Amino acid sequence: MLCQNCGKYEATTHIKQIINGDMAETHLCPDCANHLGYGDMFSGFDFSLSGLLSGFLGDMLPPVSLGPVTRCEKCGCSFDDIARAGKVGCPECYRTFYDRLLPSIQRIHGKISHAGKTGQSAGNREKIETSGEKIAKLRVQMDEAVRVQNFERAAEIRDEIKKLEGENINE
Amino acid sequence: MSKWYAEKGSQSETVISTRIRLARNIDDFVFPCRLDKEGKAKVNELVKKAVFECCGDKYSYISMKDLSHLQAVSLAERHVISPEFTSCEEGTGLIISDDESVSIMICEEDHIRLQVMKSGLALDEAYKIADETDSALDEKLSYAFDERIGYMTSDPTNLGTAMRASVFLHLPALTACGQINAIANTVSKLGLSIGGAYGSRKKPAGDIYQISNRITLGITEETAVANLKSIVMQLINQERSAAEREIKNPALEDKIYRSLGVLENARMLNADEFMELISYVRFGASAGLLDIPVERINALITDMQPATVAVSNEDADTVAKRDARRAELVRQALAG
Ligand SMILES: [Zn+2]
Ligand SMILES: [Zn+2]
Numbered sequence: 001m002l003c004q005n006c007g008k009y010e011a012t013t014h015i016k017q018i019i020n021g022d023m024a025e026t027h028l029c030p031d032c033a034n035h036l037g038y039g040d041m042f043s044g045f046d047f048s049l050s051g052l053l054s055g056f057l058g059d060m061l062p063p064v065s066l067g068p069v070t071r072c073e074k075c076g077c078s079f080d081d082i083a084r085a086g087k088v089g090c091p092e093c094y095r096t097f098y099d100r101l102l103p104s105i106q107r108i109h110g111k112i113s114h115a116g117k118t119g120q121s122a123g124n125r126e127k128i129e130t131s132g133e134k135i136a137k138l139r140v141q142m143d144e145a146v147r148v149q150n151f152e153r154a155a156e157i158r159d160e161i162k163k164l165e166g167e168n169i170n171e
Numbered sequence: 001m002s003k004w005y006a007e008k009g010s011q012s013e014t015v016i017s018t019r020i021r022l023a024r025n026i027d028d029f030v031f032p033c034r035l036d037k038e039g040k041a042k043v044n045e046l047v048k049k050a051v052f053e054c055c056g057d058k059y060s061y062i063s064m065k066d067l068s069h070l071q072a073v074s075l076a077e078r079h080v081i082s083p084e085f086t087s088c089e090e091g092t093g094l095i096i097s098d099d100e101s102v103s104i105m106i107c108e109e110d111h112i113r114l115q116v117m118k119s120g121l122a123l124d125e126a127y128k129i130a131d132e133t134d135s136a137l138d139e140k141l142s143y144a145f146d147e148r149i150g151y152m153t154s155d156p157t158n159l160g161t162a163m164r165a166s167v168f169l170h171l172p173a174l175t176a177c178g179q180i181n182a183i184a185n186t187v188s189k190l191g192l193s194i195g196g197a198y199g200s201r202k203k204p205a206g207d208i209y210q211i212s213n214r215i216t217l218g219i220t221e222e223t224a225v226a227n228l229k230s231i232v233m234q235l236i237n238q239e240r241s242a243a244e245r246e247i248k249n250p251a252l253e254d255k256i257y258r259s260l261g262v263l264e265n266a267r268m269l270n271a272d273e274f275m276e277l278i279s280y281v282r283f284g285a286s287a288g289l290l291d292i293p294v295e296r297i298n299a300l301i302t303d304m305q306p307a308t309v310a311v312s313n314e315d316a317d318t319v320a321k322r323d324a325r326r327a328e329l330v331r332q333a334l335a336g
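Those protein sequences? They're chains E and F, same order as listed.
For the first sequence, our numbering begins at 1 and goes up steadily by one.
For the second sequence, our numbering begins at 1 and goes up steadily by one.
No wet-lab data here; the hints were simulated from the structure.
Note that the coordinates shown come from a computational prediction; the quantities given were computed from them, not determined experimentally.
One or more hints might be untrue.
Here are the simulated SDA-like cross-link-like pairs (lysine to any residue), alpha carbons at most 25 Å apart as the crow flies [as the list claims (entries may be wrong)]:
(1) E/Lys111 / F/Gly218
(2) F/Lys189 / E/Arg107
(3) F/Lys189 / E/Ala115
(4) F/Lys37 / F/Asp99
(5) F/Lys40 / F/Gly9
(6) F/Lys40 / E/Met23
(7) F/Lys37 / E/Arg71
(8) F/Lys255 / F/Leu290
(9) F/Lys128 / F/Ile215
Partner residues aside, some chain E positions facing chain F, computed with beta carbon under 8 Å [said to hold, decoys possible]:
(10) Lys16
(11) His109
(12) Lys111
(13) Ile112
The C-beta atom is built at its ideal place from N, Cα and C for all residues, glycine as well.
With the hints as extra help, turn the sequences into a complete structure.
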C-alpha cells in the first residue's frame, strides 16, 4: 500500500481514529508520518499506531533467506511474519526470536529489565535468554561434566552449544 | 445508573478524566492476531468466567458482533473501547461495569485490555482499581509473563508493565497562546506522548488533549504514574497562568459569552461547531466567568459526539436531524 500523503513510498504507519462518527484509517510512509506528527513511538492512544515495530524490524530483514526458515513452534510465525506485521504471534515467539527482537525492544524501551508488577505465573518457566547467555550457561555445565568425567553428558552439551552457535550464524 | 463521567473529580477545571489500561495475555493461547475462531471463543469464555467469579454481578458481557456499527463507534467516542475494536470482528467481546468505569476488551490486540476510567485527576485511585482487578483475574487465568520482559504482549512496545496511563486535559489557554506545540515537544522528550483526544491528532477538537506514558519496560507502575502525575500538575499550573493572562483580553471574554449565546439558542449544531464553542464555554466556566458546573460540560462533550447522539436518538437518522437533536440537548443541558 502506498502512502496516502505523498503517494510515492510504501506506507508503514497505519493510524485508526474516530472522526465524525466513524472510524477513519490513514496510511503513511515513515517520512510523512514523522512530518505530520505521528512519528513519536506510540501505540496506546485512542488512535492506534501500528507499524512502529515493523518500521524497525523492516531494516533488519535479510534480502534473501539463508537456509531453512525458523518458525515459532507454537504459532507458526517466522521472523519475517513478525517484522511485516509489527506484531508478535504468541508468547513463545519471544523465546524463539529473542536474539533478533532484542535490538528493537531496546530501541523502544531503552532498558530490558522488567521492574513492575510480577505475574503469578512468574517462575513457572525459564527466564527468557539470548543464545549468548544460554551458551555461556551451557559452557559452565560442560566444564562441570568434564570435571566429574561424565564425558557422554559433556558431548551432549557440546552439540547443543554447536546448534545454538549455528543458529546464530544463520540469522 | 449514572455514568462515571458525570461525577466531579479532582483538578476538574483542567482535567477531564483519567484512564489506566493494562494489557494481558493468557499463556496457553497464541495472541488474537494468530488465534482462530474457536480459540477466541474459548478466551472469551475464560475471561468472562473469571470476571464473573471474582468481581460479582456489577458487570455485563457484550459480544461485539451483536452491536450495530454506531453503537460500537459510540463506545469508542466515550473512550470505552479502541478505534480498532469498532470493527466488531467475530470473537471479540466486551465486559463492562454498570457505570462504564471498568471495562475489559477481549481479543483486541491482546487477549485482555483492562481499563479503568475516573473523572478528574485520579491516577492513583484508577491504578489501584486496575491493579486489584488484575490480581483477582490473575488468580483464575494464567498470564503470559517473563521475569525479564514482563507481561508478554502482542506489540513489543507494551512489554514490561503493559500499562498505559492517560490523562485527558482541557488546555484552551495554552492552545490560544500557541505554547502547546513547545510543550508537546518537551513532553515527548520526557518519555510521554501528547495528542488530541477527539478528532484528528493534528487539530485537537475542543482543545482536549490526551497525555500518556510511553515507556513500559524497566519502570514500575508506581513510577510511571508518579512521572505522569508530576508532568500533568505542571501542565495544570501552566494552563492556569496562561488562563489568567488570556482572560483579561476583552476579545476572549466576548468570544466566551458569544459562544454561550450560540449554544443556548442554536437550532442546528454540528459536532465541529459544538466542540469549538463548548471549549470556550468550558474555559469561561473553569475561569469562574460562567456559573456552569464543569462536570455537566464534561458529560455534554461525551454525549454530543456524532455516533453517541445517533445511538441515543433513534429518530436522528440523518445528519440534519442529528444536528437539530444536538442543539436541543445542548440547550436543555445549559438551562440546567
Ligand atoms: Zn509519504
Ligand atoms: Zn509464536
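These are the hints, each one checked on the structure:
1. E/Lys111 / F/Gly218: holds (5 Å)
2. F/Lys189 / E/Arg107: The given pair, whose Cα atoms are some 15 Å apart, holds under the 25 Å limit.
3. F/Lys189 / E/Ala115: Holds, at roughly 21 Å.
4. F/Lys37 / F/Asp99: Cα-Cα ~30 Å, so violated.
5. F/Lys40 / F/Gly9: Judged against 25 Å, a Cα distance of about 37 Å means the pair is violated.
6. F/Lys40 / E/Met23: Measuring from Cα to Cα gives roughly 23 Å; hence the hint holds.
7. F/Lys37 / E/Arg71: Answer holds: F/Lys37 to E/Arg71 is near 22 Å, not above 25 Å.
8. F/Lys255 / F/Leu290: Holds: F/Lys255 and F/Leu290 sit about 13 Å apart, inside 25 Å.
9. F/Lys128 / F/Ile215: holds (20 Å)
10. Lys16: Holds, about 4 Å.
11. His109: holds (4 Å)
12. Lys111: holds (3 Å)
13. Ile112: holds (6 Å)
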